[in-house]
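Those protein sequence lines, which keep their order, are chains A and B. Sequential numbering of the first sequence, starting at 1, is according to this note's numbering. Sequential numbering of the second sequence, starting at 1, is according to this note's numbering.
Hint data in this document are derived by calculation from the structure and do not stem from the laboratory. Keep in mind the model is a prediction, meaning the values are calculated, not measured. We treat Cβ as the ideally placed atom computed from N, Cα and C, and that holds for glycine. Where hints are given, some of them may not hold.
What the hints assert, rightly or not - Computed cross-link-like contacts, SDA-like style, restricted to lysine to any residue with a CA-CA straight-line distance of at most 20 Å: (1) A:K84 to B:T91; (2) A:K118 to B:Y146; (3) A:K159 to B:R140; (4) A:K118 to B:R147; (5) A:K181 to B:L133; (6) A:K177 to B:T91; (7) A:K84 to A:P466; (8) A:K181 to B:A66; (9) B:K13 to B:A66; (10) A:K159 to B:R142; (11) B:K144 to A:F198; (12) A:K159 to A:K118; (13) A:K181 to B:R142; (14) A:K118 to B:E148.
Unchecked claim - What follows is a set of in silico ranges between Cβ atoms, one per label pair, in the way DEER data are often shown: (15) A:A202 to B:D132: 24 to 32 Å; (16) B:G143 to A:P136: 52 to 60 Å; (17) A:P136 to B:R112: 22 to 30 Å; (18) B:R142 to A:E434: 30 to 38 Å; (19) B:K144 to A:W45: 42 to 50 Å.
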Amino acid sequence: MVRPMVERNEAVDVVIVGAGASAAAFAWSLAETGMHIVCLEQGDWVQPGDFPSTGRDAEERAATDFAISPNIRRNPGDYPVNDKDSPIAVANFNGVGGGTMLYAAHFPRLHPSDFRVKTLDGVADDWPIDYATLEPFYALNDRKMGISSLAGDPAYPSKPQVMPPIPMGRTGITIGKAMNKLGWHWWPADAAIATETFNGRAPCINLGMCGAGCAQGAKATTDITYWPEAMRERVEVRTRCRVSRIETDANNRATGVYYFDGDNIERFQPAEIVVMASNGVGTPRLLLNSASERFPNGLANSSGLLGKNLMLHPYAQIRGYFDEPMDGYRGPHICTWSMEFYETDPSRDFVRGYCYQFSRGQGPVTAAVNGMADGLIPWGEDHHSAFRGVFDHSAGMASICEDLPEEINTVTLDSDLRDSNGIPAPKITYRLSENSERMLAHSIARGRDILTAAGARHITSRSPLPHAGWHLMGTARMGTDPRRSVVNEWGRSHDVRNLFVIDGSVFVTGGGVNPTSTIQAVALYIADQVKNRIYDLFD
Amino acid sequence: MMSANQPLTDHEKQILRTIVGHVIPASGSLGVPGADDETIFADILTSVRRDEAALREAIDVVDGAADGGFLALSRPQQAELLGRFRQSHPTLARSCEVIAARCYYRDDRVMRAIGMEPRPPFPLGFDVVPSDLSLLDPVRQRGKIYREVN
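Given only the sequences and the hints, what does the whole structure look like? Please build it.
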């Protein structure tokens, strides 16, 4: 029953909660069914002219209005996150496009071995689906997002090239030569960045500010890729609409969602199908907040695993300082990658592995701020000479380490902290495992080897990177066993048969690469399953 | 003490200007201003909105360490006090660094001095050295490195 004083909307077939990477792909795919699909997004559209790179205060705005932490950004569409009990703070963006608005557009796929971790390495669990199942959806997504890459990477099964790769630059070339000296794998990175005119998107002009939004429109953000096509197919996107909870009936079916609209009026949106696409923190938050008499521990939580097994991908950062100029602030930040240490090697003291993403330098403000934080640039008269030795002369890498799922790493509801609509904020509890610590240490040591071989005169490292909790995974994992998973192998809740989860929450393991490509492939796969099973979807 | 949401007083502004002048002083040999330059400091004052509380606390700590007489100290004495401040209050010192750097390095004179055009990145963008794909020959020759999964 809808609560009194709540406006009741006209019923729709599908309501999607969130408008980010997964929601856009899912909505676009499902649009061909002609179903009435509504997407509720708590943030808003961002206009290209509003991105920081259009102004002289670009670096300031990238660190404030467009900061990756919602706790710093504090835009009207944001909700606070209590991440004090985690060495890694959550990063996200709340608006149409979601995390793609601020991601680096680094676009690796998971590897075939990532779906068989238990079988191959005896840890965690296997996914209920495999690389071959997702491969056509990876390929479809590459075409829809417009991916730049170089075919033939020996670290992956063959995959088609949609556009030529982004330029290596001085950074990629310098580090590539070092990798060749060491005999280690490297390759131009797959990037969701247009290197030529593509579906109305202009090619990249090396603004160097992918992480704060792309004013050029070269970066594949879902507000300019999937959403316009989905909306032409009559999918409706309602912005500034913050969902608070999912309602269910006596048959344990979802009946719709409660939300606050842009005028702070509480509404109920009835729907035949409810789809959660609010990321690995937002989705468990809302499902936990949907607890009721029938579902006292949160909706879709009969396994007790909702909000557990949070994975964040701990990052280490290793940077070198060179006598020769590097790329500095020019170009997409990440240029090449290495999968040399990706697969499990029994000779190491950890299982699973990591990839490196090799990165260019920074703008002058960031170079100065980081240089002072690292003790490379002093206050006072020597500031200028030290700055000139750092700015435009650095290159390095981040290692993206696979953290295995552990039930002690959780998203719960904070008992005190609430958003502007009074909805409980998520609380993150996360610790690094010994395996992750060893992997991070290994990646720093090998990173130093690489930068030394590249000729760096000075090397710094940070581990784990404290504000790099971009990759929010595992908190509503998929599986065939309802006792050990939240959704089934095609994203449907075991407990509520018209409730789906399509974001990174469903990951069983996270691999050691950025997840957006896989998140979208999974969303397209689930949409395909919904279409194929439409006549017995709830059986 | 003033509340956090009120603008800085003239006295607080003077102290802050002195602090940022220590973070990044002018250099006659390089021909660049310091962060306490009139134009740059005016820019700093327009951009401290999010940091006002931390900056006010930093100012209080610094001036308090000199019994309210920070501005009357000689420049070497100020530098020595700020060195101790950085040790004892690194987070507050960092707030001062950040607001100094973000306005200093967008000043036209400074950007030219470090080899940049004084303009935003968009719409002109930048050039990047193109790829040399022949460097990948050894990687190709080594062959596949991913694990097969049956």
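Status of each hint after checking the structure:
1. A:K84 to B:T91: Holds: A:K84 and B:T91 sit about 16 Å apart, inside 20 Å.
2. A:K118 to B:Y146: holds (17 Å)
3. A:K159 to B:R140: holds (15 Å)
4. A:K118 to B:R147: holds (14 Å)
5. A:K181 to B:L133: holds (16 Å)
6. A:K177 to B:T91: Status violated; Cα separation ~39 Å.
7. A:K84 to A:P466: Holds, because 11 Å separates the two Cα atoms, which is no more than 20 Å.
8. A:K181 to B:A66: Violated, at roughly 56 Å.
9. B:K13 to B:A66: holds (16 Å)
10. A:K159 to B:R142: holds (18 Å)
11. B:K144 to A:F198: With a Cα-Cα distance of about 30 Å, the restraint between B:K144 and A:F198 is violated, given a limit of 20 Å.
12. A:K159 to A:K118: Violated. A:K159 to A:K118 sits at ~26 Å, over the 20 Å cutoff.
13. A:K181 to B:R142: holds (13 Å)
14. A:K118 to B:E148: holds (15 Å)
15. A:A202 to B:D132: 24 to 32 Å: holds (25 Å)
16. B:G143 to A:P136: 52 to 60 Å: Violated, since B:G143 and A:P136 (Cβ atoms, about 25 Å apart) do not stay within the stated range.
17. A:P136 to B:R112: 22 to 30 Å: violated (52 Å)
18. B:R142 to A:E434: 30 to 38 Å: holds (32 Å)
19. B:K144 to A:W45: 42 to 50 Å: holds (43 Å)
Of the hints listed earlier, those the structure fails to meet are numbers 6, 8, 11, 12, 16 and 17, in rising order.
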